[in-house]
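Given next are the chains, with one letter for each unit.
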Amino acid sequence: MLFMWNNLLNDIGMDARFSRNLLRIAAFMVLLMALDFAVTFMLEKGVRRFYGLDRQADVLLVGHSHLMLAVDKRLFEEGMHMQVAKYTREGVNVADRFVMLEHYFDSRPGKCRLIVYGIDPWLFTGKGLSANSYKLFYPFMDYSHVDSYVRTHAENPYDYFSHKYFRSSRFNSLLINSALRGYLGNWSNLKFGQLDTLKLKREIAVGDYRRISFDRENIDTFNNTLPYLSAHAQTVILLNTPISGILSRAVRGDDDKVMAMIRSMAIRYPNVHVVDLSPEFEWKSECFFDPIHMNPEGQKRVTVAFSAVAESLLVRTAQASAMAPIGKR
Amino acid sequence: MLFNSFTYFVFLFLVVSFYFLLAQKWRNIMLLMASCYFYMYFIPVYILILGGTIVIDYFAGIYLEKFQGERRRYFLIFSIVANIGVLAVFKYYNFLNDNLSVVLASFGYANYIPDLGIALPIGLSFHTFQAMSYTIEVYRGNQKAEHNFWTYALYVMFFPQLVAGPIERPQNMLHQFYEKHHFSMDRVITAGKLIIWGLFKKVVIADRLASYTDVVYSNPHQYGGSTLLLATFFFAIQIYCDFSGYSDIAIGSAHILGFRLMQNFNLPYFARSISEFWKRWHISLSTWFSDYVYKPMGGSRVPRNRWILNIFTVFLLSGLWHGANWTFVIWGALHGAYYFFEYAISWAGRKTGLDKWVASFSLWHAVQTLYVFTVVLIAWVFFRANNVHDAIYIISHMFTDFSSPLYTGSSAFDTVIAMALIVLLFIIQLFQYKGISSIYFNPSKVPQYFRWAGYAFTIILIGLLGVSSEKFIYFQF
Numbered sequence: 063m064l065f066m067w068n069n070l071l072n073d074i075g076m077d078a079r080f081s082r083n084l085l086r087i088a089a090f091m092v093l094l095m096a097l098d099f100a101v102t103f104m105l106e107k108g109v110r111r112f113y114g115l116d117r118q119a120d121v122l123l124v125g126h127s128h129l130m131l132a133v134d135k136r137l138f139e140e141g142m143h144m145q146v147a148k149y150t151r152e153g154v155n156v157a158d159r160f161v162m163l164e165h166y167f168d169s170r171p172g173k174c175r176l177i178v179y180g181i182d183p184w185l186f187t188g189k190g191l192s193a194n195s196y197k198l199f200y201p202f203m204d205y206s207h208v209d210s211y212v213r214t215h216a217e218n219p220y221d222y223f224s225h226k227y228f229r230s231s232r233f234n235s236l237l238i239n240s241a242l243r244g245y246l247g248n249w250s251n252l253k254f255g256q257l258d259t260l261k262l263k264r265e266i267a268v269g270d271y272r273r274i275s276f277d278r279e280n281i282d283t284f285n286n287t288l289p290y291l292s293a294h295a296q297t298v299i300l301l302n303t304p305i306s307g308i309l310s311r312a313v314r315g316d317d318d319k320v321m322a323m324i325r326s327m328a329i330r331y332p333n334v335h336v337v338d339l340s341p342e343f344e345w346k347s348e349c350f351f352d353p354i355h356m357n358p359e360g361q362k363r364v365t366v367a368f369s370a371v372a373e374s375l376l377v378r379t380a381q382a383s384a385m386a387p388i389g390k391r
Numbered sequence: 037m038l039f040n041s042f043t044y045f046v047f048l049f050l051v052v053s054f055y056f057l058l059a060q061k062w063r064n065i066m067l068l069m070a071s072c073y074f075y076m077y078f079i080p081v082y083i084l085i086l087g088g089t090i091v092i093d094y095f096a097g098i099y100l101e102k103f104q105g106e107r108r109r110y111f112l113i114f115s116i117v118a119n120i121g122v123l124a125v126f127k128y129y130n131f132l133n134d135n136l137s138v139v140l141a142s143f144g145y146a147n148y149i150p151d152l153g154i155a156l157p158i159g160l161s162f163h164t165f166q167a168m169s170y171t172i173e174v175y176r177g178n179q180k181a182e183h184n185f186w187t188y189a190l191y192v193m194f195f196p197q198l199v200a201g202p203i204e205r206p207q208n209m210l211h212q213f214y215e216k217h218h219f220s221m222d223r224v225i226t227a228g229k230l231i232i233w234g235l236f237k238k239v240v241i242a243d244r245l246a247s248y249t250d251v252v253y254s255n256p257h258q259y260g261g262s263t264l265l266l267a268t269f270f271f272a273i274q275i276y277c278d279f280s281g282y283s284d285i286a287i288g289s290a291h292i293l294g295f296r297l298m299q300n301f302n303l304p305y306f307a308r309s310i311s312e313f314w315k316r317w318h319i320s321l322s323t324w325f326s327d328y329v330y331k332p333m334g335g336s337r338v339p340r341n342r343w344i345l346n347i348f349t350v351f352l353l354s355g356l357w358h359g360a361n362w363t364f365v366i367w368g369a370l371h372g373a374y375y376f377f378e379y380a381i382s383w384a385g386r387k388t389g390l391d392k393w394v395a396s397f398s399l400w401h402a403v404q405t406l407y408v409f410t411v412v413l414i415a416w417v418f419f420r421a422n423n424v425h426d427a428i429y430i431i432s433h434m435f436t437d438f439s440s441p442l443y444t445g446s447s448a449f450d451t452v453i454a455m456a457l458i459v460l461l462f463i464i465q466l467f468q469y470k471g472i473s474s475i476y477f478n479p480s481k482v483p484q485y486f487r488w489a490g491y492a493f494t495i496i497l498i499g500l501l502g503v504s505s506e507k508f509i510y511f512q513f
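Taken in sequence, the protein lines are chains W and U. Note that the first sequence ends on residue 391 in the working numbering; no numbers are left out. Note that the second sequence ends on residue 513 in the working numbering; no numbers are left out.
Keep in mind that the hints are not guaranteed to be accurate.
To be verified - Here are the computed lysine to any residue pairs in the SDA-like style, where the Cα-Cα straight-line distance is at most 25 Å: (1) W/Lys253 - U/Gly260; (2) W/Lys226 - U/Ser41; (3) W/Lys226 - U/Ile498.
Because the hints were derived from the structure by calculation, they are not lab data. These figures come from a predicted structure and were not determined experimentally.
With the rest of the complex left out, here is chain W (with noise of 0.2 Å):
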């Protein structure tokens, strides 16, 4: 015969210890989880804490890199006198950034005054970003949207389910990082450093930049993305950081038409404004850390200067407000 189930029956029937060392496996088992539990736990309130998410904000500055880079958090909450949430992560795609709203109105009902929404020439450009994108939102996989988001992309049921029940994998160096800043209350631009000009201008010679294409399915996206913004904020702001000049001039046209495009669509909302700082700071090498991220100082400056844009934005959304007929408010 060549399956003999008496074989291991009689093993175990024979381990004296098997059934205790079950019970241990079991006692471990349970130890491993409630371990897991209670580091996630902290690690998650952290990053929560990083990204805003942890009390109503005023104000919600959603994006990627750019975003998180060109706006000081703390310095636009005083400039601006409000709670500003900053949910900004590195690399996520104009989906993504979907999936960053729905969240965060699933944890924090309710509208926003502002929300801010990083803008850039690359917008409907596919290429580039990360595929693997989706694992950025690992961490907040108990939401019912991130789950479904991360179960639609996972690249198979293990990718799944491993970060489901697992769930220090849904953490890494980069998230325990914000984990701590967010307990910290340390939002600093760490990217300290200027452009390298000459290096940017070599790259660009040789054609070594990021194209600008136009995805369809990133445009729908971007034009489904809008209407869910003017529904959950009294004002929003598609917000155009800066970028360096030498690379804007590299893709200039293309540049062109997506902001005409953002332009178009936006003007379908009252409350959806287009604000481009890139034209006032994009011949400023020394507020760059690289083609498209600021350094501390350009952060700091970019703020300044957005925050006054922002105010006078929500000055004039309110006055206009109160003229409205009291049925149109």
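Start from chain W and add chain U according to the hints.
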């Protein structure tokens, strides 16, 4: 199939389940089939090479036993030539051809012999050495020839140690395939602990350090002394965690099935001399060279000049075994030089009585350990560098050029975590060295609840800080 992949653990679970469910007579066949599948997961066609050497060594073993006198020697030579021949073609051909080109070019001639554009079969050096140990032991009469072809094939192909060792001896391994192994939950638990510890060393420490060392060593001329020193230090820890992690998972996997593989590492960075280092590092390889090269050459029972030649031969061959590059040869030669330096120092110490005097200092042990680690560190530069030129640049700058800023890695936080993990590893290994916490299957003095919390914490760290998809360094050998 990588040991640090989910696929491997599914594979292991299935193999263990089938192994204990099957009747005894089918178990080895099932293990052999599983081992073939495991090997073919990498590059399937290379199983033909492995199969070829298995057939040759199987018949060589039988004829070695059958015949007497001089004819036995021919069978042994035939087996060794076949094994070394496979190694020479797949591993050393391009190296020899490149060096031939250099020599011919110095005389003004061109070398028209083309290089072989083929990938090195995974674990080739490991299984050819294991196969050679079989024919040599049969020749010596220490091991009876294995007449069951499938059992012999399983001895060479047993999946836990197929691609990166430990390089087993037939006396330790072959008889185990005839033993009836009973399922034991105790074994599952002890093996599980070892596998978790191996995984931790591999995916949490080694792969994390790799992200730093790979960047620096790919272009060392861009970095200053502090960065080169840190990268080399990281590599020393990386290669230890990578290889010993692999060995732990291999030994643990075999242990669940009831097989006992030899210990391959025993806290090598706590060694107090180079000779002790080699008794603690890659033990299965160093004992292989000792048993099959050093001792047959006469070992230490020969005139001094001959003994020096014996030692150097072993270290140079050990270097070449690791890779077909002059960097590996120099790495081996450096260890040989360290060995003689230590020998000379200890001889002088004994003559002058200084050895007893320095040994009375309480910190002497730590100084010796630090010395061994430092010289091993310097040798690792040759092991890791892409070429001799890079290695010389790194060594000449890593202790001097501290003016350039330290490269903190793609993420400074990751580098800080890497350092914290090294400190954690050191503390755990210090406890192991002192005999407080267990190493391999030895008992531990740590209270059970602390141990449990430690294992749970290790698993959490694997989840939090594990870096996936890095291959094991020793697979390339």
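25 Å limit on alpha-carbon distance, applied to hinted pair lysine 226 of chain W and isoleucine 498 of chain U: Holds, at roughly 16 Å.
Hinted pair lysine 253 of chain W and glycine 260 of chain U, Cα distance within 25 Å: 21 Å, holds
Pair hint lysine 226 of chain W and serine 41 of chain U, alpha-carbon separation not exceeding 25 Å: Distance ~18 Å between lysine 226 of chain W and serine 41 of chain U Cα, so the pair holds.
The structure meets every hint from the earlier list without exception.
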